[in-house]
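In order, the protein sequence lines correspond to chains A and B. Residue numbering for the first sequence follows the numbering used here, starting at 12 and increasing by one per position. Residue numbering for the second sequence follows the numbering used here, starting at 312 and increasing by one per position.
There may be inaccurate statements among the hints.
[Unchecked claim] With beta-carbon atoms standing in for the labels, derived distance ranges:
1) B:E365 / A:R73: 55 to 63 Å
2) A:A142 / B:G462: 34 to 42 Å
3) A:E200 / B:D350: 32 to 40 Å
4) A:S176 / B:A402: 31 to 39 Å
5) B:A505 / A:K171: 27 to 35 Å
6) B:A419 / A:K36: 33 to 41 Å
7) A:E178 / B:G597: 53 to 61 Å
8) A:H201 / B:L583: 34 to 42 Å
9) B:Y543 / A:E200: 55 to 63 Å
[Claimed, not checked] Below 25 Å or equal to it, Euclidean Cα-Cα: the simulated SDA-like pairs (lysine to any residue) are:
10) B:K415 / A:D138
11) A:K162 / B:A452
12) B:K473 / A:D138
13) B:K415 / A:E83
[To be verified] Derived, one-sided and incomplete: chain B residues facing chain A with beta-carbon distance under 8 Å:
14) D347
15) V463
16) D534
What the hints contain is simulated information worked out from the structure, not anything from laboratory work. We treat Cβ as the ideally placed atom computed from N, Cα and C, and that holds for glycine.
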Amino acid sequence: MRRTSEIPSESFDHLLAWLNPDRDKAAALYLDLRRSLVKIFAWNRCGDPEGLTDETFDRVARQVDHLMNTFEGNPKLFFYGVARNLIKEHQKKAKFYISIDDVDVPAEPPQLIDDEDDEMREECLRDCLKALSRDKRDLILAYYAKERQPKIEDRARLAKQIGVSIETLRVRMCRIRASLEECIGRRLEHRARRQ
Amino acid sequence: MKRIESNFIVKGTRENDKMNEESVTDTLARRFLLGDVDDLERERIERLFISEPEINTRILLAEDDLIEDYLENSLTPSDRDKFLGRYGYTAAERQKLRIAKSIKEFAAAEARLTETAPAIGTWRTFLASLRQRRMLFIPIAAVLTLSVLLGVAWLVQLNLKKADENNRRLVIERELAELNARPDVREDPSRVPALILLPISIRSVGPQTEMKRRVDIPVVQLDLLSNQKDKYPSYQAVVRRVGTNDQFKISGLRMENGPKGNFIRVRLSTHLLQDGFYQVVLSPDGEPSANEEYSFTVSE
């Protein structure tokens, strides 16, 4: 769960400046870094990837003035180092809780795809698709229209049609889909808050 | 705390150049995402993911492929388990999977509608030509238009229904194939109760074998005793609920030897079974004529 950041605005400005002197580039780097850290926490099965990402930024922000003068190398790796420590802390905590409770949890498969909220999700998807440009909308719908072998042939045809390589098409689709997922996630969160 | 982070970064910076020379192949990215790499390799790849935009993209693409394979049911049972262990763990990841599923389903439904559009286009052309004729034809054209639109709508609905039904059956058959291919399910007999069925041809007159459905038992096993002398490399079983269209086929079954003779083990997910009378037709794969028939009833 995302929490309110504890970073004072001045430290946040310094943090951006440390990432890149150009503020626009720094903002883009910040967003990329944020997404990447959320992923890393999720891959390491941390329960609250967003919250831990906030904590990473908070911890770095507390040292940023010192780091700006002393640190050499890619700042992103420092963020990763802090995130790694947080992962270790999280894993230690998880082990500790299991050992004191000594609970034998049955290995039930997680409930992944439920039908609940399907309708709401589809409504949000429709809204977010409308917010895309027509080209992007048509492209993503065509890209995901087929499965398995027909999918491969279809995507090759699609790439040829718009004059790009399959790899470029995949990257483009990955970005459009990520933005679509973010949009749907935001709308679902908004609806959940209203209810 | 600060010291540890600093040490880490010093190490990270020093090794940075060497690290960049190493790459992450698509196969390695997939293994990493499924948790098939050791801690050192995991950290190396994560650092590259953070610091190298190209590798970041490559891993995200591998993740997209993995999610698509999961949604299309193309993962091996072992990879599927690993995938669920990682991507079913946090609420955010589950949400991401649901959204990915919605996008794919929506795109597939749109494609089906687009495929019917050319037919509608042809009718539109025909109606346009009618409009250019005399006013006398206007009422006829109106009736024709309405009929055609109703007909097209009916056809679209029918096609969608058929496609949905077909997809549902394919999904069930895939699930059953996976269930019958997994050897691990037999390890805990208390979770997989077995029902021994005799072929109808040799069963003496007596009460029908009955199965009670229980929500806490996800899988049941039918042990189909076989009277046939000839052994075949593999068998298929067609399970049908009598009086309905519910029917699913399970192929690639093997004959086993037990204390009561030769038998074929068939596992079914209990959520697929409803109250009623079931018939099972067992035949060698590719030879449907040499079959044996079994039956059982399911009740609450």
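Taking the hints in turn, this is what the structure says about them:
Range check, E365 (chain B) to R73 (chain A): Cβ separation about 32 Å, and the 55 to 63 Å hint is violated. For A142 (chain A) and G462 (chain B), the hinted distance range of 34 to 42 Å is satisfied, since their beta carbons lie about 35 Å from each other. Distance hint check for E200 (chain A) and D350 (chain B): the Cβ-Cβ separation is about 34 Å, which falls inside the suggested range of 32 to 40 Å. The given range of 31 to 39 Å is respected by S176 (chain A) and A402 (chain B), whose C-beta atoms sit roughly 36 Å from each other.
Distance hint for A505 (chain B) and K171 (chain A): a CB-CB separation of about 54 Å, inconsistent with the stated range 27 to 35 Å. The hinted range of 33 to 41 Å is satisfied by A419 (chain B) and K36 (chain A), whose Cβ atoms lie roughly 39 Å apart. Our hint of 53 to 61 Å for E178 (chain A) and G597 (chain B) is violated, since their Cβ atoms are close to 42 Å apart. The beta-carbon spacing between H201 (chain A) and L583 (chain B), approximately 38 Å, falls within the hinted interval of 34 to 42 Å.
Checked against the hint of 55 to 63 Å, the C-beta distance between Y543 (chain B) and E200 (chain A) comes to roughly 56 Å, which is consistent with it. A threshold of 25 Å between alpha carbons decides the hint, and for K415 (chain B) with D138 (chain A) the separation of about 16 Å falls inside it, so the pair holds. Using a Cα cut-off of 25 Å, the hinted pair K162 (chain A) and A452 (chain B) is violated, with the two alpha carbons roughly 41 Å apart. A hinted pair counts as satisfied when its Cα atoms are at most 25 Å apart, and K473 (chain B) with D138 (chain A) does not qualify at roughly 28 Å.
Among the hinted pairs, K415 (chain B) with E83 (chain A) is inconsistent with the structure: their alpha-carbon atoms are about 45 Å apart, more than 25 Å. A distance limit of 8 Å between C-beta atoms decides the matter here; for D347 (chain B) the minimum to chain A is near 12 Å, and the interface restraint is violated. Contact between V463 (chain B) and chain A, as hinted, is not supported at the beta carbon level, the nearest pair being about 21 Å apart and thus beyond 8 Å. Because the smallest distance between the Cβ of D534 (chain B) and any Cβ of chain A comes to about 25 Å, over 8 Å, the interface hint for this residue is violated.
This entry does not satisfy hints 1, 5, 7, 11, 12, 13, 14, 15, 16, going by the numbered hints stated previously.
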